[in-house]
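S.K.: Residue numbers (the numbering used here), protein chains in the order written: chain A, 1 to 108; chain B, 1001 to 1107; chain C, 2001 to 2157.
The set of hints was computed from the structure by calculation and includes no laboratory data. Among the hints, erroneous ones may be present.
Capping the alpha-carbon separation at 25 Å, the derived lysine to any residue pairs in SDA-like fashion look like this [said to hold, decoys possible]:
#	chain 1	residue 1	chain 2	residue 2
1	A	K90	B	S1002
2	C	K2125	A	F72
3	B	K1059	A	G58
4	B	K1059	A	R27
5	A	K90	C	V2141
6	C	K2086	A	A3
Covered stretches of chain B, as calculated for chain A (at least 3 residues, CB under 8 Å) [what the hints assert, rightly or not]:
#	region
7	1005 to 1014
8	1017 to 1028
9	1035 to 1047
10	1052 to 1063
11	1069 to 1078
Covered stretches of chain A, as calculated for chain B (at least 3 residues, CB under 8 Å) [as the list claims (entries may be wrong)]:
#	region
12	5 to 17
13	29 to 38
14	42 to 53
15	56 to 62
16	68 to 74
17	86 to 94
For every residue, glycine included, the Cβ atom is placed at its ideal position computed from N, Cα and C.
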Amino acid sequence: MMAPVLAGVLVIVGAFFALIAAIGLIRLPDVYSRMHAASKAGTVGSGLMMIALAIVSGDSGTAARALAGVIFFVLTAPIAAHLLARAAYKVGYPLWHGSVADEMSDAE
Amino acid sequence: MSAFHFLDFAISIALVMLTLSFFLTCYRVVVGPTLPDRIMALDMLVGVVIGFIAVIGVKTGYHLYVDIALALGLVGFLATVAFARFVLERGVGDHERALLEDREGKR
Amino acid sequence: MNLLLMNMLLMLCWAAVTGNFSELNLLFGFLLGLFSLWLIREQTGTGGYFGRTLRIFSLLLLFIRELALSAFRVAVLVLSPRMETKPGIFAFPLTVDRDFEITLLANLITLTPGTLSVDVSADRKHLYVHAIDCSDIPGNVADIANGFERKILNAFR
C-alpha cells in the first residue's frame, strides 16, 4: 500500500516545483536569472513526476525506461541552459541593470 | 482515506498546478521580451509537458506514455540546442536592441 | 576496468548457478561479486577499485543533495514577496584541467543552488559562473572549490 502514497506525494511535489519554475520565469528580472528557475526547479519537477510513474508502473522494464529518462533530463537540462546562456551573452544580450558583478566582461 | 483515493486526489492537484504553470510559461513565450527568453520558456514548456505526460501515465496506468515522454525530452533538448546556435548566428535583433535600451533608460 | 569486468562475470556466474536472470537477482549477484572481490583485495592489490567506487558514489550523493537543496532555494527565492536578488557573473579559477572533468564540474555547478555556468575562458583557466546572489564572490568561489571540485579531484585522480 506504500507505492500509491509515495507516488502521490512525488506527483504533488513535482508539480509544485514546475509551478515554482513557472512563477520564477515570470518574476525574475533577466534571461540569466530566469534560466536558474527553468533549469533547476523545472528539471526537478519533471524528474519527480517521472519517478512517480516509475513507481506505480510496477513493471521493471517501464521503471527502467522512466529512470533512464530522469537521468537523461538531469544531464541535458544544464547543457541546454549553458548553451543558451553562452549564446545570449556572446551576442550581447545585457545583464539586468541591478547586477552587481560581471567578471566576464572585465576579462575580455 | 485509502491510498488510492489519496493518489487520485494528488493527481487532480498536480494537474491543476501543471495547468497553471503551463499558462504562466506561455505568458513568458508570448511576452518575451527577448529571443533567449522565449527559447528558454519553450524549453521549460517541454518540461511541463513531460510532467503532464507522466501524471497522465500515472492516472491511466498506460505505460507507453513513458516512451512518449522520453522522445519528447530528446526532441526538446535538440530544439533548444538548435535555437541556441540560431541565437549565435543572428545576434541581437534591431527591435530588441531598441527595446532593451528603452528599458535601461526608464530605470 | 578489469575489475568491473570480473565483477560482471561473477554476477553472470551467480545468475547462471541460481538459474534466475531477473533484475533483482542480477543486482544481488553483482553485490555478491563486489563483496567477494573486496575480500581478496589484499592478495590481488586492488584496493583502489573500492576506494574509487566509494568516492564516485559519494559524489553522486552530494549531487542529489545539492540538487534538492537548489530546487528548494529557488522556491524560497521565487515565493518571497520582496525578491531581492543581486545577480552577477563571477570568474571561478579552475584547478581541474581535463575536458571531461571541466564538463562534469560545469554541469554540477549549473544544477546547484543559485549558480549557472556560462562559459569557459579561451585559455581554460577560468569558468564564468552566473550567480543569483553574487554579493560575496570569494565565498561563492570557496564553496565550489571545497565542494564539487575537491570531490571530482578525489574521485578521478
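S.K.: Each hint should be assessed against the structure and marked as holding or not.
M.R.: Right, here's what the structure says about each hint:
Proximity of A/K90 to B/S1002 is assessed by CA-CA distance (about 55 Å); at most 25 Å being required, the pair is judged violated. Restraint check for C/K2125 and A/F72: not satisfied, since their Cα atoms lie roughly 29 Å apart, outside the 25 Å limit. For the hint linking B/K1059 to A/G58, the alpha-carbon distance of about 14 Å falls within 25 Å, and the restraint holds. Proposed proximity of B/K1059 and A/R27 is contradicted: the alpha carbons are some 32 Å apart, above 25 Å.
Distance hint between A/K90 and C/V2141 is fulfilled; the C-alpha atoms sit about 23 Å from each other, no more than 25 Å. With a CA separation close to 42 Å, the supplied pair C/K2086 and A/A3 exceeds the 25 Å bound. Counting residues of the region 1005 to 1014 of chain B whose C-beta lies closer than 8 Å to any C-beta of chain A gives 7; at least three are required, and the coverage claim holds. Residue count for the region 1017 to 1028 of chain B with a Cβ under 8 Å from a Cβ of chain A: 9. That meets the three needed, and the coverage hint holds.
Coverage of the region 1035 to 1047 of chain B by chain A holds [criterion: at least 3 residues with CB-CB distance below 8 Å; count 8]. Residue count for the region 1052 to 1063 of chain B with a Cβ under 8 Å from a Cβ of chain A: 6. That meets the three needed, and the coverage hint holds. A stretch counts as covered by a chain when three or more of its residues have a beta carbon under 8 Å from one of that chain; for the region 1069 to 1078 of chain B and chain A the count is 5, and the coverage holds. Counting residues of the region 5 to 17 of chain A whose C-beta lies closer than 8 Å to any C-beta of chain B gives 9; at least three are required, and the coverage claim holds.
Taking a C-beta to C-beta cut-off of 8 Å, the region 29 to 38 of chain A contributes 4 residues in contact with chain B, enough for the three needed, and the coverage statement holds. Only when three residues or more bring their CB closer than 8 Å to a CB of chain B does the claim for the region 42 to 53 of chain A stand; here the count is 8, and the claim holds. Beta-carbon proximity to chain B at under 8 Å applies to 4 residues in the region 56 to 62 of chain A; the threshold of 3 is reached and the given coverage holds. For the region 68 to 74 of chain A, the stated coverage by chain B is satisfied: 4 residues place a CB nearer than 8 Å to a CB of that chain, which reaches the threshold of 3.
Check result for the region 86 to 94 of chain A against chain B: holds, 8 residues qualifying (beta carbon to beta carbon below 8 Å, three or more required).
Checked against the numbered hints above, the structure violates hints 1, 2, 4 and 6; every other hint is satisfied.
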